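The sequence shown: position 25 = 25 (this note's numbering), numbered continuously.
Derived from the structure by calculation, the hints contain no laboratory data.
All of these numbers come straight from a predicted model, not from anything done at the bench.
Incorrect hints may have been included.
[Stated by the list, open to error] Within a straight-line C-alpha distance of at most 16 Å, the following computed EDC-like cross-link-like pairs (lysine to aspartate or glutamate) qualify:
1. Lys134 - Asp161
2. Lys222 - Asp175
3. Lys68 - Asp34
4. Lys133 - Asp180
5. Lys221 - Glu181
6. Lys221 - Glu50
7. Lys68 - Asp102
8. Lys63 - Glu200
9. Lys218 - Asp113
10. Lys134 - Asp86
11. Lys247 - Asp175
12. Lys91 - Asp175
13. Lys68 - Asp39
14. Lys247 - Glu188
15. Lys133 - Asp86
16. Lys133 - Glu156
17. Lys222 - Glu181
18. Lys134 - Glu156
19. Lys63 - Glu156
20. Lys133 - Glu181
21. Lys75 - Asp86
22. Lys63 - Glu106
23. Lys222 - Glu103
24. Lys218 - Glu192
25. Lys247 - Glu192
26. Lys133 - Glu106
27. Lys218 - Asp180
28. Lys133 - Asp161
29. Lys45 - Glu79
30. Lys218 - Glu181
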Amino acid sequence: VNGTVVEYTGGSTGTSLAFICAIKGYPFRVVSSDAFSQDKLDYMKALGAEVTIIPSGGLGISKQLIEKMIETARKMSHEPGTFWTDQLNNKDNVLGYLQLGDEIWEQTGGQVDAFVHVVGSAGSLIGTSRALKKHIPQVRIVAVEPDESPVLSGGESGSHDIEGIGIGFSPPLWDSSLVDEVMRISTEEAKEMARRLAREEGLFAGTSSGANVAAAIKIAKKLGSGATVVTLLVDSGVKYLSTGLYKSS
Numbered sequence: 001v002n003g004t005v006v007e008y009t010g011g012s013t014g015t016s017l018a019f020i021c022a023i024k025g026y027p028f029r030v031v032s033s034d035a036f037s038q039d040k041l042d043y044m045k046a047l048g049a050e051v052t053i054i055p056s057g058g059l060g061i062s063k064q065l066i067e068k069m070i071e072t073a074r075k076m077s078h079e080p081g082t083f084w085t086d087q088l089n090n091k092d093n094v095l096g097y098l099q100l101g102d103e104i105w106e107q108t109g110g111q112v113d114a115f116v117h118v119v120g121s122a123g124s125l126i127g128t129s130r131a132l133k134k135h136i137p138q139v140r141i142v143a144v145e146p147d148e149s150p151v152l153s154g155g156e157s158g159s160h161d162i163e164g165i166g167i168g169f170s171p172p173l174w175d176s177s178l179v180d181e182v183m184r185i186s187t188e189e190a191k192e193m194a195r196r197l198a199r200e201e202g203l204f205a206g207t208s209s210g211a212n213v214a215a216a217i218k219i220a221k222k223l224g225s226g227a228t229v230v231t232l233l234v235d236s237g238v239k240y241l242s243t244g245l246y247k248s249s
């Protein structure tokens, strides 16, 4: 990379890129929104990122908002001396997770009945699933999406508040041939599970992690005693302290 890195993000990809850009000395321009937690925006700024905010109008995360963020990043990428990582179309996003699938297979001794994961860019789901299917062809892959915006299961796009997932349209990296089931989890289910993880297990994770665990529990109950269901905690609760997520009972 020579010059400035550009990306649209709800915060998780952005904070990772801000970290790398700080180490490498690359300027980093982020396109995000006030629909995402202030903690994430502040984190990226602290690492030196220049953050452009697209107003959500208080309507939460929606297809229209994501499309505005993408278009703003696209315009920035046309400026001289920029490199657009373009996470929704970047195939390295999938390749980076192949090793994770191998690691899950190794750590479980090959005993995985189901892998359950949310869909944002789809990179983590598709990459991990591709590796797991190589080792265990019969493993059940369950994609998780917001109940308020169930486009992957044939519903209409809508607004929701599970940060990092549910972009309102099928992401280019999505591969339905790898997926056995799409499960819908509501924003409130995801938030309640995030609170339970913190208070009952000492696992301080965010809303997309809450959605993962809520779905994984449902799949585990469906598969029955003895089944091994794997999911991921993909976001830290530290990124949501300003949202009031953990104040509710």
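Just to be careful, I want the Cα atoms of Lys218 and Glu192 compared with a cutoff of 16 Å; is the pair within it?
15 Å, holds
Please verify whether Lys133 and Glu106 have alpha carbons no more than 16 Å apart.
Holds. Lys133 to Glu106 sits at ~13 Å (cutoff 16 Å).
Hint check: Lys218 vs Asp180, CA-CA at most 16 Å. Holds or violated?
15 Å, holds
Can the restraint linking Lys91 and Asp175 be considered satisfied, given a maximum Cα separation of 16 Å?
Roughly 12 Å separates the two Cα atoms, so the pair holds.
Is the Cα-Cα distance between Lys221 and Glu50 16 Å or less?
45 Å, violated
Holds or violated: Lys134 to Asp86, with C-alpha atoms at most 16 Å apart
27 Å, violated
Restraint check for Lys68 with Asp34, where alpha carbons must lie at most 16 Å apart
13 Å, holds
16 Å limit on alpha-carbon distance, applied to hinted pair Lys63 and Glu106
37 Å, violated
Hey, Lys218 versus Asp113, does the alpha-carbon distance stay inside 16 Å?
14 Å, holds
Below or equal to 16 Å on CA atoms is what counts here, so check Lys222 against Glu181.
Roughly 12 Å separates the two Cα atoms, so the pair holds.
Checking one constraint from the list: CA of Lys63 to CA of Glu156, max 16 Å. Satisfied?
Holds: Lys63 and Glu156 sit about 10 Å apart, inside 16 Å.
Does the structure keep Lys222 and Asp175 at a Cα separation of 16 Å or less?
24 Å, violated
This entry does not satisfy hints 1, 2, 6, 7, 8, 10, 11, 13, 15, 16, 18, 22, 23, 28, 29, going by the numbered hints stated previously.
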